[in-house]
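Protein chains: 4
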Amino acid sequence: MENNKENKFERILNAAIKVIGNKGFHNAKIKDIAVEADVADGTIYNYFQNKEDILVTIFKIKLEEYVNNAKKEIANIIDPKEKLKVLIKYHVKIMTDNPDLAKVLQIELRQPHVELRVKVRKNLRNYFRVIEEVIEEGKKNNIFSPELDVYLAREMFFGTLDEVISTWVFTGMSRDLTLYIDKIYDMFLKAFN
Amino acid sequence: MENNKENKFERILNAAIKVIGNKGFHNAKIKDIAVEADVADGTIYNYFQNKEDILVTIFKIKLEEYVNNAKKEIANIIDPKEKLKVLIKYHVKIMTDNPDLAKVLQIELRQPHVELRVKVRKNLRNYFRVIEEVIEEGKKNNIFSPELDVYLAREMFFGTLDEVISTWVFTGMSRDLTLYIDKIYDMFLKAFN
Amino acid sequence: MENNKENKFERILNAAIKVIGNKGFHNAKIKDIAVEADVADGTIYNYFQNKEDILVTIFKIKLEEYVNNAKKEIANIIDPKEKLKVLIKYHVKIMTDNPDLAKVLQIELRQPHVELRVKVRKNLRNYFRVIEEVIEEGKKNNIFSPELDVYLAREMFFGTLDEVISTWVFTGMSRDLTLYIDKIYDMFLKAFN
Amino acid sequence: MENNKENKFERILNAAIKVIGNKGFHNAKIKDIAVEADVADGTIYNYFQNKEDILVTIFKIKLEEYVNNAKKEIANIIDPKEKLKVLIKYHVKIMTDNPDLAKVLQIELRQPHVELRVKVRKNLRNYFRVIEEVIEEGKKNNIFSPELDVYLAREMFFGTLDEVISTWVFTGMSRDLTLYIDKIYDMFLKAFN
DNA sequence: CATGAATGAGGATTCATTCAT
DNA sequence: CATGAATGAATCCTCATTCAT
Numbered sequence: 001m002e003n004n005k006e007n008k009f010e011r012i013l014n015a016a017i018k019v020i021g022n023k024g025f026h027n028a029k030i031k032d033i034a035v036e037a038d039v040a041d042g043t044i045y046n047y048f049q050n051k052e053d054i055l056v057t058i059f060k061i062k063l064e065e066y067v068n069n070a071k072k073e074i075a076n077i078i079d080p081k082e083k084l085k086v087l088i089k090y091h092v093k094i095m096t097d098n099p100d101l102a103k104v105l106q107i108e109l110r111q112p113h114v115e116l117r118v119k120v121r122k123n124l125r126n127y128f129r130v131i132e133e134v135i136e137e138g139k140k141n142n143i144f145s146p147e148l149d150v151y152l153a154r155e156m157f158f159g160t161l162d163e164v165i166s167t168w169v170f171t172g173m174s175r176d177l178t179l180y181i182d183k184i185y186d187m188f189l190k191a192f193n
Numbered sequence: 001m002e003n004n005k006e007n008k009f010e011r012i013l014n015a016a017i018k019v020i021g022n023k024g025f026h027n028a029k030i031k032d033i034a035v036e037a038d039v040a041d042g043t044i045y046n047y048f049q050n051k052e053d054i055l056v057t058i059f060k061i062k063l064e065e066y067v068n069n070a071k072k073e074i075a076n077i078i079d080p081k082e083k084l085k086v087l088i089k090y091h092v093k094i095m096t097d098n099p100d101l102a103k104v105l106q107i108e109l110r111q112p113h114v115e116l117r118v119k120v121r122k123n124l125r126n127y128f129r130v131i132e133e134v135i136e137e138g139k140k141n142n143i144f145s146p147e148l149d150v151y152l153a154r155e156m157f158f159g160t161l162d163e164v165i166s167t168w169v170f171t172g173m174s175r176d177l178t179l180y181i182d183k184i185y186d187m188f189l190k191a192f193n
Numbered sequence: 001m002e003n004n005k006e007n008k009f010e011r012i013l014n015a016a017i018k019v020i021g022n023k024g025f026h027n028a029k030i031k032d033i034a035v036e037a038d039v040a041d042g043t044i045y046n047y048f049q050n051k052e053d054i055l056v057t058i059f060k061i062k063l064e065e066y067v068n069n070a071k072k073e074i075a076n077i078i079d080p081k082e083k084l085k086v087l088i089k090y091h092v093k094i095m096t097d098n099p100d101l102a103k104v105l106q107i108e109l110r111q112p113h114v115e116l117r118v119k120v121r122k123n124l125r126n127y128f129r130v131i132e133e134v135i136e137e138g139k140k141n142n143i144f145s146p147e148l149d150v151y152l153a154r155e156m157f158f159g160t161l162d163e164v165i166s167t168w169v170f171t172g173m174s175r176d177l178t179l180y181i182d183k184i185y186d187m188f189l190k191a192f193n
Numbered sequence: 001m002e003n004n005k006e007n008k009f010e011r012i013l014n015a016a017i018k019v020i021g022n023k024g025f026h027n028a029k030i031k032d033i034a035v036e037a038d039v040a041d042g043t044i045y046n047y048f049q050n051k052e053d054i055l056v057t058i059f060k061i062k063l064e065e066y067v068n069n070a071k072k073e074i075a076n077i078i079d080p081k082e083k084l085k086v087l088i089k090y091h092v093k094i095m096t097d098n099p100d101l102a103k104v105l106q107i108e109l110r111q112p113h114v115e116l117r118v119k120v121r122k123n124l125r126n127y128f129r130v131i132e133e134v135i136e137e138g139k140k141n142n143i144f145s146p147e148l149d150v151y152l153a154r155e156m157f158f159g160t161l162d163e164v165i166s167t168w169v170f171t172g173m174s175r176d177l178t179l180y181i182d183k184i185y186d187m188f189l190k191a192f193n
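Protein chains in written order, with the UniProt record's numbering: chain V, 1 to 193; chain A, 1 to 193; chain G, 1 to 193; chain Z, 1 to 193.
Fair warning: there could be bad hints in the mix.
As the list makes no split between identical chains, a pair holds if one copy fits it or if it spans any two.
Calculated pairs, DSS-like style, for lysine-lysine (alpha carbon to alpha carbon, straight line, at most 30 angstroms) [claimed, not checked]:
no.: 1; residue 1: K81; residue 2: K18
no.: 2; residue 1: K18; residue 2: K29
no.: 3; residue 1: K119; residue 2: K31
no.: 4; residue 1: K140; residue 2: K119
no.: 5; residue 1: K119; residue 2: K29
Since the hints were derived computationally from the structure, they do not count as laboratory data. Note that this is a predicted model, so its numbers are computed, not measured.
Based on the provided sequences and hints, a complete structural model is requested.
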């Protein structure tokens, strides 16, 4: 029972990721999501307040999950450079493993709707913090330049990966992005030095 | 007067940039644009095929303008490094001078609607080509590493700037971005080396 | 305890009177009534056929009760005038003691839904009959004018009381209506003479 | 043009009176009103803010009209008794001439929805004032008892007529109500004496 | 009998687009 | 060309009712 309910929540959430990822928020109809989740339209409203709440929840749940796992991935690593590489790998892996989620994050991150963006962006900040902490650490250990601007470095880190994923998503997701990881890593290392 | 002489096409286009920039494409109503342009709803359809065409035209006209001017800016410069710096400056200048346009480009670049996105991205490619040519040139002149992946370098260039602008736009456009130009430039130089 | 022993049928019925009285039939949700009665939504359907049936039952049960008690009140009175006064008193007392019920009767008596109204009005006729019998009796005893139109007299009796209660209900139920009883009684006596 | 617009507003208003009168506010669908008025659904929203606004406007326009005409009817009459009779006649005439409007007034006057009722009741007060002024005048001229409670007299006047109309409406509108006018008038005269 | 999650039909409202003036 | 009233398709959400547990 508990399980079943959990199940339905996740089913709707994943259906929403798929549908919103493919059609975009505004073109994703509640009916589409309901059909994809194999529930009635009304059932969605037993789990979400309204359509917007679905989007916000996707960001909340999925980014939380992402950040927690990213933290775990680098937890036992000492070298900040190695941490950076793992973060790149993880970013690319998650996005290429979940292209629909990638699309939702790519696309709907840029909502102009103020309230919505605030809610959505809030969840992203935790990820930014993880990146910045690694960069800070690298600075302290003299691995990165003491003059490196942490904020800009993080923008470069996220911006570059985001753009690479974005291009990948918007060109049919055919390329194998793992091939670029080492090159991206090298560029970051040099840039941060 | 000056304002009245400005032809209607431009008035509508600029009104659309303002409204779409602030509300996003889907929340921008034709009526909003008409009011902003001080024309009747129907008049818009004498200049544009439909709502989508307005967005496509913004990208077409404004990116064309942008690319042409960017080309001019670097036309008389010989040093690829200097060209890179000018491109950064120009990118930042245009976006901070036209925040509404910046928002439209930022936001609607990630159109989920496939056909629309294809039309919109098409115009961006010319800008990408300009960047890539500068990088290529730098490689040839041994200013950038011969092993530099041009595609990735361009992704880093555009992705980083895009992210910096995006953060600026979405945090209230208060910061003075020109202060970052030199730092960003230095990071690119190192990364491309 | 006392409250818990009160059987569910009555709990639901009274909850319905409260909720429908405050929100009106169409704005009263089954869930509201269920919450007020402290039962599950589905439980209501073990005691009532459907939402409409609740309203019909309120009229049936409460008006039956009302008419029976009204009859008892005047059973041992001989003077038709005195009976009239008691009926006025009783009408005012019941309605002011049960403002939620008063609201339901006031409001839903005017159901536009034909079938529903027929069912609802049917129960009112017994009350009309009681009033008319007292007036008839008064005519026979030469206490009221032999030319008095019984139907109109009853309309005046009920219409006036209904309007007085209605105004009272819709102006916040602050006034003390018992102060008006004698005056209303006097006006009826004169009108019926 | 002006005329045409005026026309459409009235067409929708009258269609709404007809449909709401027959089905009640909650069962009257916007589509029903649109079909009856021979306009598109959306057109209604060019003239009214929303569904509720239609109802409120009916009360506002029609009661204003009613009160103005009622005032005119009694403007040249000196005898308060005669004024009372004319008011009765006029009330009955308007309601029997416009049974759909009568139903709307009868039925929707008792909405429990607080905000709605406030708006609706506000328009009724002007009619109450007219009645009360006539009764006041009758008291001053010693035609009605100096002890007559004006408020109660007005409640009786309106309540009785309202109930008579209500019964007429709810029993198929077959009876000829003009036959009752003299009798009602006589009862009021006696009651107010 | 009691529960409350699931259902899905139904409807008010929005808004891009048209076209008569 | 300009207008803006009219259109009507499209969709989010509500809520009475059911039924498996």
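Open item on the list: Which constraints among the numbered hints does this structure fail? Numbers only, ascending.
Closed with: Those not satisfied are hints 1 and 4.
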